[in-house]
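Engineer: Okay, here's what each chain looks like letter by letter:
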Amino acid sequence: MRRLLPTFLRPYRRQLLIVVVLLLVQALANLYLPTLNADIINNGVAMGDTAYIVRVGGLMLVVTLLMGAAAIVAVYWSAKTAMAFGRDVRGALFRTVESFSQMEVNRFGAPSLTTRTTNDVQQVQMLVLMALTVMISAPIIMIGGIFMALRMNARLSLLLVVILPLMVGFIAVVVRRAVPMFRALQVKLDGINRVMREKLAGIRVIRAFDRTAYEERRFQETNDDLTATTLQVTRLFALMMPAIMLILNLSTVAVMWFGSLLVGNGQMSIGNLTAFLTYLLQILFSVLMATIMFVMVPRAAASADRIQEVLDVVPAVGEPETPAPPPARQGTLELRDIDFRYPGADEPVLSGISFTAGPGEVTAIVGSTGSGKSTLVQLIPRLLDVSGGQVLVDGVDVREMSQEDLWARIGLVPQRAFLFAGTVASNVRDGKEDASDDDVWHALAVAQGRDFVEDMPEGLEAPISQGGANVSGGQRQRLAIARVVAKRPEIYIFDDCFAALDFMTDAKLRAALRAETSDATVLIVAQRVGTIMHADRIVVLAEGRVDGIGTHDELLETCETYREIVYSQLSAEEVA
Amino acid sequence: MNERQPAAEPRRPMGPPRFAHPGMMPPAEKSKDFRGSTRRLLLRLRPEGAKLLVVLLFGVVSVIFTIVGPKMLGHAMDVLFEGVVNQKLPAGATQEQVLAQLQVSGQDQLAEMLSGMHLDPGAGVDFAEIGRILGLLAIVYVVSAVFGWMQQYLMAGIAQRTMYRLREDVDRKLARLPLRYFDDHPRGDVLSRVTNDIDNISMTLQQSLGQIVTAVLTIVGVLIMMLTSSVLLALISLIAVPLSFAATMQIVKRSQTQFAAQWERTGRVDGYIEEVFTGHEIVKVFGKRRRAIETFGSLNEQLYEATFRAHFISGIIQPSMMFISNLNYVAICIVGGLGVTNGTMSLGDVQAFIQYSRQFTQPITQTAAIVNQLQSAVASAERVFELLDEAEEELEVAQPEVLTTTEGRIALQDVSFRYLPDAPLIEELSIEVPAGETVAIVGPTGAGKTTLVNLLLRFYEIDEGTISIDGVDTRRLTRSGLRQLFGMVLQDPWLFHGTIRDNIAYGREGATEEQIEAAARAARVDHFVHTLPDGYETVVDDEATNVSQGEKQLLTIARAFLADPQILILDEATSSVDTRTEVLIRAAMSDLMRGRTSFVIAHRLSTVRDAHTILVMDHGSIIEQGDHQSLLERRGFYHDLYESQFVEALEEAS
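Here the protein sequences come in this chain order: G and B.
The first sequence finishes on residue 576 if you use our numbering, and the numbering steps up by one all the way, no holes.
The second sequence finishes on residue 654 if you use our numbering, and the numbering steps up by one all the way, no holes.
Honestly, the hints are just simulated from the structure, not real lab data.
This one's a predicted model, so the numbers in the text were calculated from it and none came from an experiment.
By construction, the Cβ of each residue, glycine as well, lies at the ideal position given by its N, Cα and C atoms.
There's no promise every hint is true.
Stated by the list, open to error - Distance windows between CB atoms, simulated: (1) B:His530 <-> G:Pro327: 53 to 63 Å; (2) G:Ala512 <-> B:His612: 32 to 42 Å; (3) G:Gly352 <-> B:Arg187: 43 to 53 Å.
Chain G with its partners taken away, still in its complex shape:
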């Protein structure tokens, strides 16, 4: 937080200054009012001087007006500054994340990055707003109040020495007890929500196994648990407000008593006593506000740290300083002795991988989970950068090409199909912005998506919700494939994206793709033997190394790993 705030607040120095000055004005006016009131009582009421009352009363009104104006202008600037701060931090985070490679995104995880850019920014932004209103004025009012109280009567002010620690101590004790309780409460809330989520997700299993009674007990336990904890917290707070009010009120009684003694002895005027009472309330209220506000600080500081952590990342993959001139588009792809390891990892994910793929060829990559297949294909569009060796597209090292140019040559269908909120057409057009409706239909037909899109009442304009949550997994996958087909890249990369399709659709899709991609380089990562057996070249990966390269027939002869994969999918009797 110590770095985040100065960095992003610097552009608003002038606004901050205005706010602080205005808050100061406001605080001073607030402190001045009881003095005026005291004057009215001492010099006006006690002397029976009506003219004085009216005159000072008028002054009070002017001060009030001034105070209100200052407050509104201060709110204007503090709201503007705090929200601009939030906007800037959000913007910086977004731009930073957009420069990330897949490695950095994976390190934090997309959900965490999202939380940091949304909730965490909001936390810090609210803290800034609070700071610009309450946190600055509370100490001013407190110090000013104490100063004025001393001026009214120094001896009576000694009472503050007793009252203030009592008040702060009490609040601190309550807050210290409350914080772990709140944390526990959050855990319990998450718990009951998790149970609900599980029950909804597993509703078929629960009913099939006839475990409704068990589930009811499980829910009841979490419900009991949550209720007990909530009661604890709320009962603590039930005590807090009455207790604080009691401290405030008893302080008033004490001041009144000792004040009366002083007034009786002629050591203090009645007007000063009433003013003192007002100051007392002001001081105690500012202490209360400050304490509550400072409870927010640790939480916001944690958020600020999480934000700073993202901003501090230097992305591993960057734009080359002087990009190589774009090579002619041929669609050749060459991997030269590739190594890849995550920084600090003992074991490389991939090592010593070489192969070449040319236009019109289909290259398949197989291997069990964890063999490094997905990592391998991410090296091509530079979602990750190799640790050793070279990836060459059209004869140029991808690290020397401008990223935009590189990406224009590649069409990727990731393992987890991802669609953007919009329509069917807008998602397909993400591949080619100026694609005509006919082009879009064609792409859909190739991707075996034409039928289900035609079945949708809105057709191409059928809405797609964020991530594609409103269509089935298989449909999502086909739309993602259509997007790449519309793009017509030189190099197609299908990262295990046929798995969500049944074998019938899978077969039809591959047949249609074959015609579409006849002059392009195609890279297929897959698990199913049926999907890849016709490839011109099959690369078998095992534990990050190439275990064999060849056609289906060749590999059945020579490669043990490949045979194992084939046998696992077709029973022995079928292969034999």
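Take the given structure of chain G and dock chain B to it, following the hints.
Structural biologist: Just chain B, lined up with the frame of chain G:
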């Protein structure tokens, strides 16, 4: 770390802490029937009726005592003031003498002021009286605090018990809803009702209900006290009341639209961020990065505009109230000062009044805020009530038959079923499945293969025909009795948060340790479990990363082994599982199927070939039926399916 839920669940934007200004909460969604739902929500408090009365009573006592405070303080001030005046007057003189003397000396005003007092010239300050008043005052404050505490303490119990019951009702309801409800409603929506909405009601019930009682009582009480103290000053203050209420309402109304805009735009920005970050690789590789940054920039700017306006407008409330309050304060000082001067009022009254006027604005602002929050809670309550009002599963038969053991003979006779009235799905389907045989269901994605499963388990009720087990119509059994005959393994393995042991034991109530481990061995997951640091005590859940998809599948197979049912429903996985686990799953599944009647949603050739009956489904209905050989000979849909996937592979592999 407060990470987000998966995207499927609609999230309410996270609001700032609730003690902030009114209008800072998410906008109150409009309820369809505010009155009706409010009534119903209040009716839920009925079991707490007696306690609520006590709460109200305690509230009244607490407020009365709080309100009496300033009056008593003012009284003490009067005594002090009289004492001070008395000190200045010659001892022994009577009040009349003093007043007469003052008038003679031309100090008419002072005389007027003193005429309203009980003077005892020369007596000095009556400390005993002040002490008595302040002692009493201290007691009053303590009593008020104790009652206030007890009120809130009881209120906490009332609110929590009410919420406990509501959650319980919702949970019970979920168990009684037909599966159709869950299939028709997005899971995120249902989840949001049972979590977010309930949280929202709980929060409001806890905080606002107690507060609004106190706030309204305070407003009434203060009003009475002001009127009894001084009608004139009360009238002046009363001008301030509608003024401040109107001002607050105006500002709140205006900030409401701004806050609505803020939440709407926050939602859009959050959604966009989530989308772009989740689809990071797509955004990059499709060259959309620049466009994403531009789009975000403009969304971000719009959000800034809205938040700034919302916070500025709501930020005006405080200074405006302060201004009105101070205006009132000055007015009281001037009029009160004049009143004291001409003896129609005591200094203590004025003092008390100032405090009252301070106490007045706060509950008014508070009420405005609470009304807003209540609206949102009622809208939430309405959504929960909607769920509670949904039609439940049809009643069970009055005298159900009981099948404790079964051979597993299943017959479907002329079964027809449709999800929608005008879209027949299954028409006059008849199959006989002898005990121990396997039925494979095949067909393209989305062909409706799970429909059959739904009917067998009576997740859905058939429209016509009969399904019988060992000759008994399944509708003559209770649902629970029927389902006890079945075991199920879904391709999306479902684990709940708990140990591996608990997850396997889910298959059978009261399973012993040996039975659990035997089931795990049979499912070939025993070895894997022992590789985990905590073995069977390892905690897993649906999003667990310490267990792979394939291993989860094995755990659910172990669950089915433990249940040891006569009839099985299996859904073969299509998702990528690594080779070794795949082998284990196949072996475990075929062991599991041995000797049991099985329905398999099949994706593997071997399963299909070995099945006694194959049901070929397309577009939601069964288009072909028979065994492998007869279907191939028919040269229909199945034949094409088989050719496209398997034949070539077989030829080349052989």
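Engineer: Against each hint, give a clear statement of whether it holds in the structure.
Structural biologist: Status of each hint after checking the structure:
no. : hint                              : result
1   : B:His530 <-> G:Pro327: 53 to 63 Å : holds (55 Å)
2   : G:Ala512 <-> B:His612: 32 to 42 Å : holds (35 Å)
3   : G:Gly352 <-> B:Arg187: 43 to 53 Å : holds (46 Å)
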